[in-house]
Structure formats: structure tokens, C-alpha cells
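Colleague: Below, each chain spelled out in residue letters.
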Amino acid sequence: MNLPQLKFNKRATASEIVFNFFASIGGLTIFVVEFFKQVFIPPYEIAEVKKHMDELGVKTFPIVSVTGLIIGLVLALQSWPVLARFGATDFLPAMVSLSVVRELGPVITALIFAGRVSSGIGAELGSMRVTEQIDAMEVSAINPFKYLVVTRVVATTMILPVLTVYVVFIAIIGGYIAVIIAESMSFTYYQNAVINAIEFGDFIPGIAKTFVFGFIVGIVGSFKGFTAEGGTEGVGRASTTAVVMASLLILIFDMILVKITMWLWPTLG
Amino acid sequence: MADSRLIRIENLTKRFGDLVVLNDISLHVDYGENFVVFGQSGTGKSVLLKCIIGLLKPEAGNIFIKDKNIIELKKKELNKIRKNIGFLFQGAALYDSMTVRENLEFTLKKNFNFTQKEIDEKVINALEHVSLEEAIDKMPSELSGGMKKRIGLARSIITEPELMLYDEPTTGLDPITSKEISELILTLQKRLNMTSIVVTHDLICANIIADRAIFLRDSKISYEGTIDELVQSDDYFLRNFFSKEIIKE
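Residue numbers (the working numbering), protein chains in the order written: chain H, 22 to 290; chain F, 18 to 266.
Source of the hints: derived by calculation from the structure; they are not laboratory data. Take every hint as true, because none was put in to throw you off.
The calculated lysine-lysine pairs, modelled on DSS-like cross-linking and capped at a C-alpha distance of 30 Å, are: (1) H/Lys72 - F/Lys155; (2) H/Lys167 - F/Lys92; (3) F/Lys126 - F/Lys155; (4) F/Lys100 - H/Lys71; (5) F/Lys100 - H/Lys72; (6) H/Lys72 - F/Lys126; (7) H/Lys167 - F/Lys97; (8) F/Lys92 - H/Lys58; (9) F/Lys155 - H/Lys80; (10) H/Lys71 - F/Lys126; (11) H/Lys72 - F/Lys93; (12) F/Lys100 - H/Lys58; (13) F/Lys127 - H/Lys72; (14) H/Lys167 - F/Lys85; (15) H/Lys58 - F/Lys91; (16) H/Lys71 - F/Lys134; (17) F/Lys127 - H/Lys58; (18) H/Lys167 - F/Lys91; (19) H/Lys72 - F/Lys92; (20) H/Lys167 - F/Lys126; (21) H/Lys167 - F/Lys83; (22) F/Lys92 - H/Lys71; (23) H/Lys167 - F/Lys74; (24) F/Lys155 - F/Lys207; (25) F/Lys127 - H/Lys71; (26) H/Lys58 - F/Lys126; (27) F/Lys127 - H/Lys167; (28) F/Lys196 - F/Lys139; (29) F/Lys83 - F/Lys126; (30) F/Lys134 - H/Lys72; (31) F/Lys93 - F/Lys134; (32) F/Lys97 - H/Lys72; (33) H/Lys58 - F/Lys85.
All values reported here derive from a predicted model rather than from experimental measurement.
Only chain F is shown next, with the shape it has when bound in the complex (with noise of 0.2 Å):
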């Protein structure tokens, strides 16, 4: 079923220099679905994720968005697909040298030929979606963490893009902004029909949003399936990694 497929990994393999950080991954994303990459910290996953979105290019494989291969693109071409594409940065990556709204404003002014009206709604708009209005003309220093990662969410999700990426949405905060975070990237995701991939190592956000999931260990796919399959699996490290999740949670 090629067509349900918004993206499709073949045979992915990243190095940075001697070190292996993605080995021969394969991998696919159907539309309208909440994936989840799972892994301890520092198994590729933000790399992964970087891969998809040609921040970094592989040494080998292919990544295909709606059966483009993004390794072969030029920059014009893969620009066209970065624009239906939303990126939410571990710290959410906020331009520190402009305001929310600014922040807001800056990708449609750039990319789409909206009036200053259209603007604004759709900048009203996106803040509505993560209940900061109030925070519009503030500057990122003045935000918190949980403000600054709502923001950064509602700059992803104002082009209203097909694809959503999630790094680390919830590292760094606390049990209850977390778990806010995650239930609102579930209400994004079925409000504006997006397909997500959120990479993570919070299971209580797994729980939320996943549909499926998959587990990177030792540069490899190690488990794919569903969370609950996942948690209950018998292999000896998933367990004793989500028994230590369970206790932290």
C-alpha cells in the first residue's frame, strides 16, 4: 500500500566519521499517523529526524516524502517540501532577536505571498491553538521553557503543515507541562489532520500521542510496534528501560 505511505526509509545509514549512528534503518510513516522513535539518549534519534527533514545527509539509503527521494533533491525542490513540513527543535528554537509575533510572522512573510491581515489572523490563530495570545508581543528571554516550546509549536503549525516533527517535545519540563505539551500535540494533530513524528524517551508522551512506535538500540531498529506491545515486550532492555521510565514517571 505505497500511496498510504507519507514517508518510506530504505537502508538509512549516517556516520560522523568512525561512529555508526544510524545502521542500515528501514523504516515507514503512513498519513494521518502518530510515530513514535523511541531510544536512549544519544542513538540517533534528532538525527534521524535531521535526516528526514535534509539537514544532514545520509552516507547511504533513500528517504522518500510522498515518494520523493529527499537525498537526491536540489535545494529548490527540497525547499518546496520543507514548506509543508513543521519542525518543533528540542529548545524550541525561537529567534531571540524577534518578538512572538515576529517569530510567528517570519515564515509566511518569506514564503507565502499573504497580506498583513491574512497574517495576523493567522498568527491570532496559531496562538489560540496553544493558549498564548497573551504572549504575542513578548521577547523569547521573557518566555519559560513550557511558553517557549508552545511557541515554537504554534511557528511549526502555522504554514498548517502535512508533516509535523517533534524533537524531544517534552525534555526539560515538568510531569505537568509535559503532559500538557503532549496532549496538545495530540489536538493539533487531529485538529489540523497532520502526520507526526516525535522522537522521545518520555513514555508518558509516547502514551499519549503514539499510534506506533519504534525503538533505536546500538544504531538499529530494535522493536516496532505498538506502545502497549512495546512496554510489554519480554526482551530484557525494553523492560528494564521502561521499568526505570515507569519509576521516573
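Extracted from the complex, chain H is given alone in its bound form (with noise of 0.2 Å):
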């Protein structure tokens, strides 16, 4: 696997910086091409896929936690005086819910994620790269890519939809703490309007974009992490590089999808 070579310089000129960015663009490409290359052909080391799961995954649950109640309380409270001058409040529970499901919910969980997993995949890959354990994998016949890139790709592509179905359960009862701060409405009034709101086909392109974000945080940080170099200042520059390009590419991502998902199911849009 060949990649371009970036050009660091603490005074970048314009044409440097055009260079990195394409050389950035191309090198990502070469690397998510390697990953589908590899990701089929065993071992497939799922005890690491298991433990980054954990790693990258599991300890994620009490930022998302706090992220999703504050998304549902926030969205609902900010919410209440519009729809209350329209006399319409009592579809609040359909637009929190709705809005959490479609969009909110697997935005702000991937950018969250991206933030937490994104820059320590970046800072440890980035650190095993220039104190030379990734070269010392490399010459004790072990695949470095397949045993530390795929895992974590595969890790956090599988995880990140789990997260994005508990942030948004999440929400929707930060949703309803909200209503009851503003007026009194019973769980089960909320719980079923909920439930009328949303309908399975919503789920489906919000959940399934999640996949894509997870994808992106995997192999954005593996990226940045894998091609770290010039010492303690490289690890640096991977892990916050990580975290800027993975957010970017989540909402560039996001605005494809929607379009994708408009086109696909029509109804929805």
C-alpha cells in the first residue's frame, strides 16, 4: 500500500496546502480500498473486534447518555412556545421524536463519537506508529493493517448503530421530561403519541446511515493514526486531524444520504 507523502511544513504555502488536502483525499481512498481487500480474507480476529467493541464502544454510552437526554430536553423545551402559539402542542411528542429518530439522533451520536473514538484511534495507532510497534508487527510476519485497522473499522461500524438506537431512546425521554417541566401531560398521552408518530420506515434511513458513520470514524482515525509521523508532535496532529476530517466527512455523508434516502423512499421526504 502506497500512499502519497504529506508535506508538513509549520508555514504551509497555498500550493502545500492543496497538495495535502488531494494527497489527504487520496490517501484515505487507498486505504478504504485496502480495507475491503482485506476484510474478507481471514483471520478475522473477531476476539479484537469483540474488545475494540468494548473499548470504543461500550465506554462511549455515559457521554451519549448525557448527549441524547440533552438533544430530547432541549429540542422539546425550544420547541414548546412555538407550537404553543399555533395551539399545536400536542404534537410535540411527534416532532421530538421524529426529528431524534431521522436526523438528530444519528448526527449527533456519530459526531460524538467521532470526537471520543476518531482521535484516540488516531492517538494510538498514531503512537504505535512512530515508537515502531506497527513496523515491529510488520516484521514479525503480522499483518498490521489487517490486525489493527480492520478490527477497529469493523468495531466501530457495528457499534455505532446500537448507540445511535439508545441516544434516541434517550432523547425521546429527554423529550418528555421537558414536557412535564412545561406542562403536564401524562407518559402514557407522550408514549402513545410517540408511537403513532413514528413509523418503521423512519428508522430504517436514519439507523442505516449510522453504519456509514461508523464506517467513517473507523477508518478516518485508522488513517490518521497508520500514516502518523514526525514523533510526539505527529501523534498530535493525527488524533485532532482525525477528529476534523471524520466530522466533516459525517456531514457531507449525512447531506448524500438524505439525498440517497429521498430518492429511494420518496414518502419520507
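With the hints as a guide, dock the two chains, each given alone in a separate frame, to form the complex.
Modeller: Here is the structure:
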């Protein structure tokens, strides 16, 4: 796998910035192709995948729980006065749940996940790269790409949809907390309103895109870490650029996937 | 006598951009030999080792290990050869998320079909070789620099490789530990009947280990022979280099 070399200068010229941008895109594309070449070839390193799902996914639950609760709560609190102006507060449960299921839940969970996991993978693999641990694996006839990258990307791809479903649930609970702060509404009414508002078809595009977001988080973090150079400074750079690149790609792919969803399920538009 | 040669390097050239690090280097290493590569920092010693193990691809030249040109080998074939080579990195390169035991077991579990009992025996055996049995359940962060080098050495020899490559095995260590590591390398080489290539600028280490040495300067081999000949050379640069080394020691 020959990746384009980036040019690092404290005072980079415009041409170097443009070069680095395209070199990063090119390098990431080569990295993605390499992933799909290797992911289906044994050994599958199931134990490593499980370990990363625990390390990268399960340990993210506390932060996404808080995020989910606040999304639901704030969304409901902000929407309440507007809906009240039109006498449409009965629509609040439907509005909160649909917003969270279709857009806010998947995207915000992915962005939080990118902040925590992409940077973590970038720093960990970057540190392994600059301390020659990846080279040590390579000279021991062990495939470091398979062992370090493929396992992490599979883990992030599989765990993010689970996290998203959980965040959606917590956000809906957050919405209910806001409702009872603003006005009394029975939980049964809120629950029924939410269930009546969401159709199975609302879940599919929201959850489907989290597989793509999970893949982006894993592959970008791994790419930045695996190709890190320049000692501890390089590790820091890998960590921060991984978050920036992953977050940006999540937003760009969200836009593309929303468009694709509308094309596939025109009724959802 | 091609049969006695484990490694044969022909006209090797390695560049990084415009910088020529190795220029038309040719050398050979015989079976069972301890071969030392001398040179100032930045003269391409480590690059030479990384070319031999296939971590870096040279721009020109051939590297034969047991008559197989590793430059032309595919990854799978190269990995077959790598299973028979040990590599001690400058910073030991221990996997810092694993304990010492896991570091040593890793290659055995991934590349060989040993039972857990056999693996345990090999781990204990390797740690006995480097006198660090008590460190078995420690994390790399709990080890001193010298201990890391020893564990790195134990990890490299656990598969009993035919060829060992050492990248600055004594750099960053105090003179006593440095001497101990050098003696350990020699002991292991004799006990396991290995061939070694040692990259260093430590004269004490070279004196203990070397059967033969080369000196790299300006991307070329500027000298080849025994350590005694090297130290007593009339070449102004070598005299200057080694007098400074001797003063340091």
C-alpha cells in the first residue's frame, strides 16, 4: 500500500495546503480500498473486534447518554413556545421523536463518537507508528493493517448503530422530561403519541446511515494514526486531524445520504 | 563460496526524495557471523536494516537472503522469510497495550500452531535467557530502558530465528547496562547459533560482538574489516571518530 506523502511545514504555502488536501483524499481512498480487500480474508480476529467494540463503543455510553438526554430536552423546551403559539403542543411528542429518529440522533451521536473515538484511534495508532510498534508487527510477519485497522473499523461500524438506537430512546425520554417541566402531560399520552408518529420506515434511513458514519469514524481515525509521522507532534496532529476530517465527512455524507434516502423512499421527504 | 553466505546485498541504493541515503552498497554476511555496521548518526545504518527486512524498498539493487531476492518477493513469501528473522528495534518497540507475557506470546499465537503449554514454556525460556522471569506480568510502562531492551530481545529470539537484526541495541543505556546487553547478544548468538547484524556506534558493543564490521560514510561503505583493523586505520576520519568514541567510553 503506497500512500502519498504529505508535506508538513510550520508555514505551509498555498500550493502545499492544496497538495496535502488532495494527498489526504487520495490516501484515504487507497486506505478504504485496502480495507475492503482485507476485511473478507481470514483470520477475522473476532476477539479483537469484540475488544474494540467494548473499548470504543461501550465506554462511549455515558457521554452519549448525557448528549441524548440534553438533545431531547432542549429540542422539546425550544419547540414548546413556538407550538404553543399555534395551539399545536399536542404535536410535540411527534416532532421530538421524528427529529431525533431521522436526523438529530444519528448525526449528533456520530459527531460525539467521532470526537471521542476517531481521536482515540488516531492517537493510539499514531503512537504505535512513531514508536515502531507497527513496524515490529510487520517484521514479525503479522499483518498490522488487518490486526489494527480492520478490527477497529469493523468494531466502530457495528457499534455506532447500537449507540444511536440508545441515544434516540434517551432523547425521547429527555423530551418527556421537558414536556412535564412545561406542562402536565401523562406519560401514556406522550408514549402513544411517539409510537403513532414514528413508522418503521423512519428508522431505516436513520439507522442505515449510522453504519456509514461508524465506518467513517473508524477508517479516518485509523488512516490518520497509521500514517502518522514526526514523533509526538505527529501523534497530536493525527489525533486532531482525525476528528476534523471524520466530523466533516459525517456531515458531507449525511447530506448525500439524505438525498439518496429521499430518492429511495420519496414518501419520507 | 556462495553457500556460506546468508545475506548478499548487491548495489543497493536507497533515496528519500533527493537525499541519497545508501549509494550502491554491496556486502555479504556469512552464516553464524556477527556483522557490525558502524557509522555516524544519519548515515543510513538503520535504513540498511529496514531494507534487509523489507520495511523499506530500495530504489535499486538486490538483497538476497538464502539466495531469495527479497526485493522481488510477494508479501506472503516475504513473510515466510521474516518468520525466520528477529529484529530488535532501537526503542524495543514493545506493544504497550500488552503485558510482557502477551508481547512474547503474540507472534507465537499468530504465526505458529503451538499449544498453550508449549507457548508458556517458550515464554519462560525466552525470559530466562534475558534473566527477567519476574517481569512476565508487567506492562512495558513499568520497565526501565534496559529491561525493555531485554524484553525486546526475548521477544525477538522466542521463535529461535536464524538471523537477528539489532538496531542500536545499546543506545540510551548506561555503560554497564550497555555492556551487559552486548554480552547477552553474544551469549544468545552462541547458544542459539544465530547470525547477527548489529547497527551501532558503540565501540564497546562492537568490540564484544563483532566478527567483522563495515563503516558507512557519505552513503557508501568507507571501510570493511575487523574492529581492530578499523580502530587502527590510518584514515583521518576513522581515527577521529574512534578517538572520540574511546574518550566517551
